[in-house]
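Chemist: Take a look at the letters that make up each chain.
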Amino acid sequence: MSEYFANIFYGLKSFAEGLQLTMRHFRNRKDLVATLQYPHEKWPIEDRHIGFPLEEYNIIRSRLNVDIDDCIGCLQCERACPVDCIKIETIKPPKGSDFDCGITSNGTKMKMLVARFSIDMTECMFCNLCTFPCPEDCIYMVGGPNSSKHEIEYEYASRDRESLIFQFANPSESDVLAVGGENYLRAKAGLPPLAPEVPVKPVETVSTATEKPTPTAGEPDVKVLNGITDRMVRATAKKAFMAAARGGSDLAAIAKSIQAALEEAGKFTDEAKAVLDSLAVTQTPTPVTVNEVSSEAKPDIKTLNVLEDKMVRGMAKKIFMAESRGGKSASEMVDAILAGLKEADKLTPETEAVVRQLAPEVPVSTPKPSAPVTDFNVKVLNGIEDRMTRGLAKKAFMAAQREGKSASEIIQTVQTALSEADKLTDDVKTLLLSIGGDKA
Amino acid sequence: MNGIWASTLDILTSYGSMISLAGVGIFLIMAVNALVAVYFERKVSAFMQDRLGPMEVGIFGFKGGKKFWGGIGQTIADTVKLLTKEDILPDSADKKLMILAPFIIFIGAFVTFIGVPFSSVLLVSNFNIGIFYIIAMSSVGVVGIILAGWASNNKWSLYGSLRSAAQIISYEIPAGLSLILVVLVAGSLNIHDIVGWQADHRWFIFHSPMAFLAFFVYFISGVAETNRTPFDIPEAESELVAGWMTEYSGFRWALFFLSEYANMLIVCILTAVVFLGGWLSPMAMFNIFPESWLIFDGIWWGAFWIMFKAIFLIFVMMWFRWTFPRLRVDQLMYLCWKVLIPFALVNLVLVSIWELL
Amino acid sequence: MSEVFFILIAAITIASAIWVVFSSNLIYSAVALLFTLFGVAGLYVFLYADFIAATQVVVYVGGILVLIIFGVMLTNKIADNRISHSSRPRFMAGVISFFIFVLVMTVIFTTTWHTGEEQIATATVNTIGEMILTTYLLPFEVASLVLLAALMGSALLSRKKHG
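Chains as they are written, first to last, in this note's numbering: chain C, 1 to 440; chain Z, 441 to 797; chain W, 798 to 960.
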């Protein structure tokens with residue numbers, strides 16, 4: 001019985017003691033609370049002692065950092081990254097622009113403006129593979145052996161994802177514009193890009209007009225020399241072109257120097273001559289009347305959709321494609337289609353009318369003189385559909401061309417070769433005739 | 441004009457709107473109590489354990505002080521989380537009962553609030569059997585707990601719920617006996633009469649040493665009835681997972697939680713009303729500043745005093761929770777049947793003798 | 798207005814009672830019993846017997862219903878055990894019930910019920926207390942003896958067997 005009461009009494013005593021203890025902690029909370037509210041309050045960071053100084057590490061794995069002033073935009077780190085977390089966009093100043101991109105701390109001259117260098121640290125797997133290929137040592141992981149460039153940092157956690165996508169490059173807008181990056185800025189703003197300036201092209205097909213040869217429009221482009229089919233000739237011509245262009249000569253002088261070079265090499269073919277002539281011609285201010293026709297719309301295959309008869313339509317389209325592969329003009333195409341249809345006995349007046357719509361009225365000024373030869377390259381043979389035939393024809397063509405034959409002779413050669421191989425079908429013959437007929 | 445006002449008053453005082461007004465009011469009180477009590481509990485427990493409790497979450501951009509009362513919005517965030525959680529009903533569980541059980545417990549707590557006073561006039565209904573009504577309605581929750589454990593189809597939940605039910609019905613006895621002591625002295629079950637007696641004489645605690653003991657017996661039984669530590673075997677975290685509440689998630693669990701805190705509030709308010717003078721201000725009892733405004737008495741001051749005392753008792757309940765280790769089930773039953781009930785009975789006899797003197 | 802409430806409470810009581818009887822799942826019957834007992838407590842309130850209503854809840858819902866549910870749960874396989882609905886006794890049972898029903902209805906409608914004067918809401922507790930200790934003292938003491946016997950019996954039954 002007394003034990004019963006003793007127990008109760010003991011229980012009550014410990015009851016009171018416990019309550020006192022907790023109350024003491026409750027009331028002294030200002031001193032006794034042991035929590036450190038981490039992002040707002042921090043312990044001082046102790047030095048790490050691991051046996052040798054931190055700077056003597058060979059490698060460290062921590063946050064990536066980029067010295068953007070040293071970046072030459074070689075994109076090696078972007079290529080090396082296994083998780084594609086580095087995204088770089090560079091803008092190269094256009095040729096002849098005198099924008100100074102700067103110089104790295106290693107003395108390398110920078111050739112382009114790095115407009116965007118973002119590293120998505122949420123993707124980065126800290127493999128360090130991007131730091132090795134950098135030729136300028138501008139991307140590195142902070143701390144450790146790189147402590148002299150940037151001390152170690154490992155508390156870069158944040159509350160939102162965007163702040164973990166590090167943007168290292170922030171070029172000023174004036175710089176970007178100076179470098180010719182309007183399209184880049186417009187793309188960033190979501191606007192469509194401005195139409196690029198069309199470089200002056202030589203007249204390929206007789207009826208398409210060139211967008212404005214203004215004498216000062218752009219520099220003479222080496223691409224005009226692509227018209228020369230022979231590789232060796234073309235190379236020589238281009239080399240001469242570049243040399244002359246670097247020398248700052250104008251067009252006529254360039255043409256002259258090319259001619260001189262080709263004659264020296266004994267490669268001054270008719271073709272080359274024609275190209276050079278066209279070069280000179282098209283650069284002159286007075287637009288060679290040849291092709292005012294101006295903006296003749298390219299013949300559209302869809303106009304043929306009006307033809308109701310499936311067979312007729314199919315045939316017309318086939319011929320259309322063949323002709324367009326051969327680089328023919330609209331009227332030539334029309335003639336070819338009409339010829340083909342007539343052969344197949346399917347030419348009705350309505351059909352004829354529809355087909356003629358392919359080639360809207362062209363002031364007859366069109367054709368010829370300026371560059372009949374330039375479009376006479378092997379590509380005209382693309383109209384041949386059968387692969388074997390086409391191959392044979394082209395081989396014969398090239399051989400003939402190398403021998404310096406004229407256009408009609410080349411056609412003859414091709415025809416002979418094909419008939420020897422028993423591949424001279426009617427279609428092919430028609431095609432060759434149309435080519436040859438033009439050039440006769 | 442008069443006619444319109446009269447008829448509006450008529451409508452407002454008619455049954456339908458009164459009932460709904462009272463219902464909404466009680467529900468709001470339960471909800472706000474849960475919000476505040478949970479935050480309060482987390483902070484008090486943290487300070488007693490030398491830590492800080494919730495500090496980061498704020499409401500309307502107001503985060504609270506850096507040192508102590510930060511994290512005010514934490515409970516609201518938790519409530520939103522609970523409400524938007526997926527409602528999982530285990531496949532083999534008894535679905536109807538599982539849906540019904542939280543509501544039975546909630547209704548038990550809700551209906552009890554009808555008789556609980558918040559001031560001398562803020563009382564939904566002044567029953568003639570006031571205290572007895574509260575005791576009666578508190579015992580409805582037991583059925584809900586048993587059904588919750590059964591419906592989970594989980595033997596540990598069943599153990600937890602049966603233990604909890606046994607605990608609650610056992611501790612109803614010393615609680616009832618202590619209240620009977622008060623009724624015996626005051627002569628009526630009506631709450632107004634009890635507080636009136638205290639206004640005329642003095643607070644019940646100071647009436648006699650037996651009443652003082654009765655206060656402790658009642659308070660401990662109350663703590664045990666609401667399943668709080670040190671009597672929280674059925675629902676403690678390290679016991680039986682979460683006891684009979686294990687399989688409930690989201691809104692149903694929120695209902696359980698709400699009911700538990702509502703029960704806590706009921707026990708504390710009842711203790712305050714019956715033993716500590718209810719809506720009377722201490723100045724009146726100790727006769728300090730008689731007849732001046734400093735006596736802090738009146739309808740609204742009454743509400744303040746009741747809530748003040750009740751919240752102080754809730755703090756004491758939380759203090760208990762974070763001070764004492766848990767009692768084992770057999771120790772719990774021993775405490776009830778072999779300590780509290782004999783004490784309560786002996787108390788009753790001694791108080792009757794005291795009254796006769 | 799009070800008639801509406803009366804009808805409501807009576808309906809709940811009867812519906813729950815029907816469910817108690819006809820449900821095939823024992824636990825559902827026990828839960829329906831909860832609503833029935835609550836309904837009866839409500840009916841007591843209509844007779845201005847507030848103390849009895851509260852006692853009904855404490856004793857029946859808080860005590861007896863809990864006991865019944867314990868008992869139901871601790872029996873074996875109650876969820877699968879369907880109360881048997883074989884049809885042979887059904888017909889006879891139906892006939893007998895019908896006769897009893899007719900008998901009870903006749904009694905109800907042909908008795909001249911004594912209509913007492915309308916009760917007023919007085920303090921019932923005082924009256925009950927007085928009457929228990931004066932007029933009805935003997936039933937009170939006998940009831941307490943019965944409870945004592947029950948307590949002793951349960952304590953004896955749950956005692957550990959010695960030896």
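It cannot be assumed that every hint is accurate.
[As the list claims (entries may be wrong)] In silico DSSO-like cross-links for lysine-lysine, where the CA-CA straight-line distance does not exceed 27 Å:
1. Z:Lys778 / C:Lys13
2. Z:Lys535 / Z:Lys521
3. Z:Lys778 / W:Lys957
4. C:Lys42 / Z:Lys503
[Claimed, not checked] Facing chain C, from chain Z, some residues (calculated, C-beta under 7 Å):
5. Phe487
6. Met488
7. Asp490
8. Arg491
9. Val789
For the record, the hints were derived by calculation from the structure and aren't laboratory data. Please read all numbers here as calculations on a predicted model, not as lab measurements. Every residue, glycine too, gets a C-beta built ideally from N, C-alpha and C.
Chemist: Mind listing which of the numbered hints don't hold for this structure, in increasing order?
Modeler: Result: hint 9 breaks, nothing else.
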